[in-house]
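A.B. asks: For reference, the chains in residue letters:
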Amino acid sequence: MRFFARRRWFSVFALILLSSAAVLAHIHGSAIVPRFNYVTGWVLFAVILFLSIYNVRKKLPFLPLGSSESWLQFHVYAGLFTAVLFAVHVSFKVPTGWFEGTLAWLYGLVMISGLAGLFLSRAAPKRLTTFGGEVLFERIPAIRSALRKQAEALALTSIPQVQSTTIAEFYVRDLKDFFEGPRNFWLHLFQIRRPLGTLLNHITDLNRYLDEKERATLAQIAELVRQKDGLDYHYALQLVLKGWLFTHIPLTYSLLLLTLVHVVLVFAFSGGAR
Amino acid sequence: MDSTLVIVEKPQRWDARFDEQMSEADVDRLLTVPPFSVMNAEKFPRKLSVRDILYHDTSIKRYRKGEIVVRQGDYGTSAFMVMSGKVRVVLNPGLPASVLGRREPNRKGFFRSLAQLWSNAREPESFRHSQLKADARIVRQDEGDSAKVFLQDVPRILDEHKTAMIEHGEFFGEIAALSRMPRTATIFAEEDGAELLEIRWQGLRDLMRYDEALRTHIDQIYRERALATFLQSTPFFNGLAEDQRRWVVEKTEFATYGDYDWSGDYKRLAQTGTPGRADHESIIAQEGDYPDGVILIRAGFARLSQKFGHGHRTLNYLGAGQMYGFDEIAHNWRNPDSALPLQYTLRVIGYTHVLVIPTAIMETVVLPGIPERNLPPLITRKDDGAAKISKRDAASLIGPDLLEFLTENRFFNGTATMTIDLDRCTRCDDCVRACASTHNNNPRFLRHGLVSGNIMVANACMHCGDPVCMIGCPTGAIHRDAFEGQVIINPATCIGCKACFTNCPYDAIRMVEVRDEKGVIMVDQEMKPIIKATKCDLCVEQMGGPACERACPHGALARMNLNDLDAFAKWLKR
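Sequences listed follow chains U and Y, in order. Heads up, the first sequence is in our numbering, so the first residue is 2 and it goes up one at a time. Heads up, the second sequence is in our numbering, so the first residue is 41 and it goes up one at a time.
Please note: incorrect hints may appear among the correct ones.
Quick partial rundown of chain U residues pointing at chain Y, CB under 7 Å, derived from the structure [unchecked claim]:
(1) Pro62
(2) Pro65
(3) Thr130
(4) Phe179
Keep in mind that the hints were calculated from the coordinates and are not lab data. Glycine included, C-beta positions come from ideal geometry on N, C-alpha and C.
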């Protein structure tokens with residue numbers, strides 16, 4: 002069995018084992034330990050706190066704190082385990098108070114954003130690799146600008162060359178906006194290639210009104226359109242890959258903050274609760 | 041298609057002289073001293089006379105007291121002969137690293153590592169003055185783009201270290217020059233006016249080819265100093281009895297193929313998009329020929345290929361310590377009635393220095409001493425007569441496309457090549473940030489590079505097995521770490537001459553303008569910015585190894601030794 006598969010099976014097995022233990026503890030624990038919810042609450046809080054420390058580990062690459070890969074593995078499976086702990090902590094009931102409700106929603110959002118990030122980080126790299134044309138995200142604006150300049154220059158050179166404005170007009174009408182900035186963000190994200198096909202169809206249609214020289218120019222513009230579309234594809238996927246953490250991390254910190262308030266409130270108002 | 045031919049001058053052996061200052065009078069003088077005075081001019085071809093070789097391939101250099109001629113651990117492509125004056129070699133344990141212009145290994149402790157969190161510079165390439173201060177026991181004198189380094193207190197060096205005098209007429213540095221191995225000792229001038237003849241390796245090779253005395257002399261030195269030790273560390277030869285080993289050493293032949301300056305050619309070809317192709321490489325041994333000896337790769341690399349259709353398919357590449365022809369010779373020794381010719385072709389990639397142990401010696405001395413179980417399996421053949429795919433076929437391990445990619449782009453040279461699995465890489469740049477954090481906020485690589493399938497070889501120093509960047513550093517600033525062998529640069533002794541930057545075929549070295557702690561650009565007396573070479577040092581000073589590798593959350597990045605394709609294949613199929 003390959004390393005990744007072996008690791009996955011081991012982690013899933015550990016997760017099932019721990020989850021079963023947590024559910025069993027919930028069933029029998031209340032009878033043995035008074036205030037059993039306090040125990041599950043503290044464990045949940047400790048696990049979430051530890052999960053959030055992963056970001057600190059990333060800031061300390063110079064310390065021998067284990068590989069980021071191992072941390073992420075732990076982060077993923079411990080994160081999944083918190084769902085079981087959370088369910089046990091709320092006794093498999095939906096919280097009814099507005100504060101607890103907010104806390105539960107926030108926890109849910111952190112979990113969903115984490116799962117979305119996991120899905121993205123597994124699916125998007127393969128899509129980018131298959132698409133080809135590897136490009137650094139920071140270089141995209143400069144490359145886009147260069148493509149636009151090339152396309153504009155080609156559109157303009159055709160005017161004195163063949164005394165015709167057909168390509169230039171087509172560029173202004175159909176391509177100028179396309180080259181201006183990133184386009185078709187959501188369509189690229191969902192792998193919908195229709196806009197490129199439409200543009201290329203327009204280009205093909207235009208060919209019938211052009212002479213030999215103009216057709217050669219248009220073929221070069223079509224190539225630039227393909228390159229720009231590829232750049233947009235990389236932009237969309239790389240932006241999402243980089244951007245999802247900007248949702249996950251602020252939500253996590255908000256969750257930690259509200260959890261602290263929750264702890265204070267529980268202890269402040271639990272005087273008579275036994 | 042335009043059928044006009046473009047006529048260019050064919051590159052010649054002596055297009056560029058080693059030293060333009062070398063005059064006819066100098067050559068006349070050389071021809072009056074041994075060994076040149078006793079060389080038989082008639083043995084040399086008319087187009088490659090002794091006079092021509094001395095005129096084009098040598099340089100007479102004068103050294104001042106304390107001046108370092110060669111440094112232990114440096115790579116060089118020329119040999120020296122003492123003409124006059126006193127020259128000394130420092131015997132083991134040699135001079136301290138800092139005197140040789142190197143950085144003393146200094147791994148950071150926990151607190152110094154942690155302090156990087158707040159002490160990293162805000163401006164790029166900032167250095168403390170103390171970091172740029174060289175050892176006081178040496179002094180540097182700049183001469184144009186080059187520099188000379190002098191030992192300050194020669195009597196003290198003589199007092200504190202074991203040294204030996206090199207006599208007039210004696211050669212040194214010839215093994216390093218001919219076999220591209222690191223220099224084994226430091227040599228310096230003991231007094232002013234010491235005169236040395238420097239011969240570049242092409243000249244030495246030609247002199248050896250046509251002068252038997254010189255060839256015998258260098259042969260003998262090579263056999264005594266290098267060959268015996270090498271065989272002792274090579275499988276199948278390390279079990280030989282002393283007299284057997286002596287016999288093998290005596291009968292072993294050695295040769296250098298290709299061009300030492302392959303990196304320049306490779307760079308030019310890479311820029312035109314046609315880097316190393318098998319059909320451009322010269323052949324060391326050909327498939328179908330009689331195996332007249334086992335070929336041991338001593339330095340450099342060779343491509344193992346097999347006929348496939350009308351071309352040749354790369355099966356593997358061989359590096360230092362690997363063998364060719366052993367399987368066939370062992371097969372034929374056990375089955376003299378069904379003897380087989382060589383099953384593969386061996387080609388030079390760049391340059392290759394090889395040892396050839398003749399078949400007769402293998403059959404009479406080496407093979408009888410190897411237990412049957414340790415011999416390679418007999419070669420079996422397919423219906424079409426070709427050898428069955430053997431363990432040598434790395435293409436079956438990592439795929440033919442990837443193997444061609446690594447070979448054509450010379451990536452096999454890397455012992456810590458940054459390979460990125462693009463199917464797992466989320467382009468998060470955690471690796472780049474980790475690199476910056478561990479290098480005073482200066483990332484030492486670019487997460488970009490050539491791609492084959494889902495594998496990218498990023499633009500980072502590969503810590504090459506054959507480090508061409510280390511040839512010609514005038515101050516010894518670029519060197520191998522004494523403990524782990526990483527190729528590192530000492531900023532204190534780097535003079536910004538760009539020798540390493542120009543030599544590196546992979547563009548992994550950058551020249552940068554340096555600043556002081558306050559972020560102000562440092563300048564020299566002529567108000568020109570101080571330039572230093574920088575590159576990945578494989579986190580040699582950090583705890584826990586390369587930060588880039590440890591920082592990757594998805595296990596997409598690994599620093600791989602591409603000489604070990606088994607490990608690479610395992611990583612690919614993890």
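A.B. asks: Of the hints given before, which are not true for this structure?
C.D. replies: 4
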